[in-house]
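Participant: Letter by letter, the chains look like this.
Number of protein chains: 2
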Amino acid sequence: METLTTNDHLYLKVAKVIESQIANGVLKIGDRLPSVRIMSKEQGVSISTILQAYYNLESKGLIETRPQSGYFITFSSRKINAVPQKTTPEPTVSFNDAEDMIAEVYNNIANDNLIKFSLSVPSREFLPIAKLNKAMVEAMRKLPASGTMYESIQGNENLRRQIARWSINWEGNLKADDIVTTAGCMNALSFSLMAVAEKGDTIAVESPCYFGVLQLAKSLGLNIVEMPSDAITGIDPDDLKKALAKQNIKAILLTSNFNNPLTSCIPDGNKKEIVRIIQHYNIPLIEDDIYGDVYFGGRRPKCCKTYDDSGLVLWCGSVSKTLAPGYRVGWVAPGRYLEKIKRLKMYHAVGSTTIQQEAVARFLENGRYEHHLRKLRNTLHTNSLQYIRAISEYFPEDTRISRPQGGFLIWLELDKNLNSYQLYKEAIKYNISISPGRMFTLQDRYHHCLRLSYGMPWNEKINESLQKLGELVKTHKHS
Amino acid sequence: METLTTNDHLYLKVAKVIESQIANGVLKIGDRLPSVRIMSKEQGVSISTILQAYYNLESKGLIETRPQSGYFITFSSRKINAVPQKTTPEPTVSFNDAEDMIAEVYNNIANDNLIKFSLSVPSREFLPIAKLNKAMVEAMRKLPASGTMYESIQGNENLRRQIARWSINWEGNLKADDIVTTAGCMNALSFSLMAVAEKGDTIAVESPCYFGVLQLAKSLGLNIVEMPSDAITGIDPDDLKKALAKQNIKAILLTSNFNNPLTSCIPDGNKKEIVRIIQHYNIPLIEDDIYGDVYFGGRRPKCCKTYDDSGLVLWCGSVSKTLAPGYRVGWVAPGRYLEKIKRLKMYHAVGSTTIQQEAVARFLENGRYEHHLRKLRNTLHTNSLQYIRAISEYFPEDTRISRPQGGFLIWLELDKNLNSYQLYKEAIKYNISISPGRMFTLQDRYHHCLRLSYGMPWNEKINESLQKLGELVKTHKHS
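First to last, the sequence lines map onto chains E and R. Numbered according to my numbering, the first sequence spans residues 377 to 855. Numbered according to my numbering, the second sequence spans residues 377 to 855.
Isolated chain E, as found in the complex:
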């Protein structure tokens, strides 16, 4: 499941060994783990290391302590429900969006009493707010005119340099001059779409697809073809090849890592193959990599951009899912579309807010970002496992559950006869908000699917809300 890296703490190594034995079925639900003393001898590490490892596994809901008895496995991959099936959207352009449903779900967002399973952002408890405030003050002190004057069109140079340095993590090898900063990742996608396509053109996306992308493309007058997608591996290069051979597709937009909403992650080998295909057809690929840094495995997955030597990949990112959504700090490395993107930014926005960019740059510069990410990844990983366990327990057995290896989201496939928009309406009465699957397509499908976010701290209230959701699904099913 996870690979070990030399950076990991010793206790994490021990925990991961046990975790992989649970995943392989070597350890089964109900099995008792060796006592702390015995395990310490077996592994040749201290007792406190083993205690830490067990604590880590307990926090992920994988094991439990029973008083006077020891540690027991409570979680087994075998017991977990199946993964959602590969999607089969129509291969034609569709226009049937769910604008009103989206507006309804999002108008409820301001309600503070809601349990917002519908929102794909880190909860404020997970953000390093005090340190960010400090970085903002430092930025104002350091910037010429305290950041009150226009910055250069391309954006804060320090931030661009740090993103370039950071790109080593996915073998991106970017330079500061390859990057243009934007007001968040959607703004990067907006400029990218404007750069590569115009009204009447057709683009291809994954299905299901983040509704924001569908609405953005629609507002630019673009036609959309949805491609089949697998909950584990995303789109299949062969499907892409077929689509490009058959239709006049002007550009492709993918969320390659920890897709929203399907949670898939395209294997690096497939990314390489996808880049080979777009180079063959000379078609630009807009890569939304907003979740890439929030991986649960041993190392960051690569990007399509990693394999691109043609300049056809426009790689987009932001800190909205890791540091501060409200800072509106995003970027794009647009390859051969650099000049076009710079001009689009100048025409539509003139510049971006330089203070937040400088503050984020300082975070990346001095290791604070990596430190913060480690904590965030651990917390979200634990959350994801808690959710999967809870959903397996509370929802009907035939509920299919995606297996996020990063990000904030879980995609559920319920019984074909269930309608998740009806479920939304029922759940909102209990102050629980979910995202119905129909929001994520322009076709008449995914009515029986839904997206849940685990971006909130795990607690009894969350647990109860998932239990209530499960009850509503079961009631629904029998009505």
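These are calculated hints, taken from the structure and not from any lab test. Hints are supplied without guarantee of correctness; some may be wrong.
Any copy, or any two copies together, can satisfy a pair, since identical chains are not distinguished.
Okay, derived cross-link-like pairs now, DSSO-like style, lysine-lysine, Cα gap no bigger than 30 Å in a straight line [stated by the list, open to error]:
hint, residue 1, residue 2
1, 618, 718
2, 751, 518
3, 626, 575
4, 716, 805
5, 837, 518
6, 844, 462
7, 594, 618
8, 801, 718
9, 801, 716
10, 575, 716
11, 718, 805
12, 716, 594
13, 392, 436
14, 853, 801
15, 392, 751
16, 718, 594
Please build the complex by placing chain R on the supplied structure of chain E, with the hints as guidance.
Facilitator: This is chain R only, laid out in the frame that chain E set:
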């Protein structure tokens, strides 16, 4: 010229009386003013008030002190050159933009050694930077999660309330809910254009027109009709009526107050008439009011929005010309297009940076903005008079000069045979940057015009640079 308001200081009232006598020709160049003692008795005010008034007139270049002799008029409206003629663009759609010229002029912007007559922004010396920094820190302290989380789509509520309150100054009577915040004014214009027109549609603008608007419209695939414009009164309602009767125009975009680059200000009566016309034709009007607060007269000019009860006017503004260009704080009150604009903002940007908005709101709230604006207006007014005096002195007599009543800009019309792009290339050798007139049209015109900004503190270096420019024009003329 200026009307008195009860808010003015006593010395300003005295100064304005003398100023209007100069404008009327009652006082002529070389006339000696009454001594401070006599004037004090005549006006029934203290000697120090008169001294302040004379100092104010001196700083505007209207009078001078001659040792042992007293105060003399140095400036007369009669002596000043003529105003540029009303423009006569072709009434058809044109596509011939000056993209490369614009890029050339703007690529030089980063050079710190340049005297940037080409840049329409307040110099950093005019910005209240320390107070803004303080407001930023206050904003972080006050906002939920210190402004790190997404704000509501419509934007910071406190800022929207303050803009609404402030709209009393131009009888706008806006409510907070009428307003959507944006990342600066260009971003407001971008959303507004997307809301009212789509690729292939034709819009009407003033000629000359700010090049940013021309480029934005072009990047959205819009066709542009340029309308005749007067350097004092802007577009004529009759011309607008003719254009609308003849062509299929989808929307109009105007800078009604202190136009960039022509510096015209549409008289309030004409604004009312323009709104009547667009209501008759049911055509939306995008009003760029970014310079409206920087007026030199006794009171703020009104807006087209003031007279709009149909919701057809989309009123756009920002603090980029008054407080902090780098904050990217702008807004639009889009009338009947409110829902459309909110959705466009959600699709293309998700949200805006709430910290800067809150900081600006606090500035507006506690009177700091009005206090700052009074100083800024006085300084810019003085600057504009210094420029006009210097240009009258250094440039050929047939140079036509606009008469800004607000804003940052002067528009010059040189001898028909002069080419201001050639002048740009000559001037840049002396580290002087200007904006050639050709940048402000899609037609083959304004080659003999140029735009100058007086947004920098007046000093000997500026004076010398204008003198050098004048010399270059004269050399050019005789070559």
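Participant: Hint by hint, say whether it matches the structure.
Facilitator: So, going through the hints one by one against the coordinates:
no., hint, in the structure
1, 618 <-> 718, "neither (33 Å within a copy, 38 Å between copies)"
2, 751 <-> 518, "both (29 Å within a copy, 27 Å between copies)"
3, 626 <-> 575, "both (11 Å within a copy, 18 Å between copies)"
4, 716 <-> 805, "between (48 Å within a copy, 29 Å between copies)"
5, 837 <-> 518, "between (44 Å within a copy, 28 Å between copies)"
6, 844 <-> 462, "within (28 Å within a copy, 72 Å between copies)"
7, 594 <-> 618, "within (24 Å within a copy, 35 Å between copies)"
8, 801 <-> 718, "between (44 Å within a copy, 24 Å between copies)"
9, 801 <-> 716, "between (44 Å within a copy, 25 Å between copies)"
10, 575 <-> 716, "both (17 Å within a copy, 18 Å between copies)"
11, 718 <-> 805, "between (47 Å within a copy, 27 Å between copies)"
12, 716 <-> 594, "both (21 Å within a copy, 13 Å between copies)"
13, 392 <-> 436, "within (12 Å within a copy, 76 Å between copies)"
14, 853 <-> 801, "within (15 Å within a copy, 76 Å between copies)"
15, 392 <-> 751, "within (16 Å within a copy, 65 Å between copies)"
16, 718 <-> 594, "both (23 Å within a copy, 15 Å between copies)"
Taken one by one, the earlier hints fail for this structure only at number 1.
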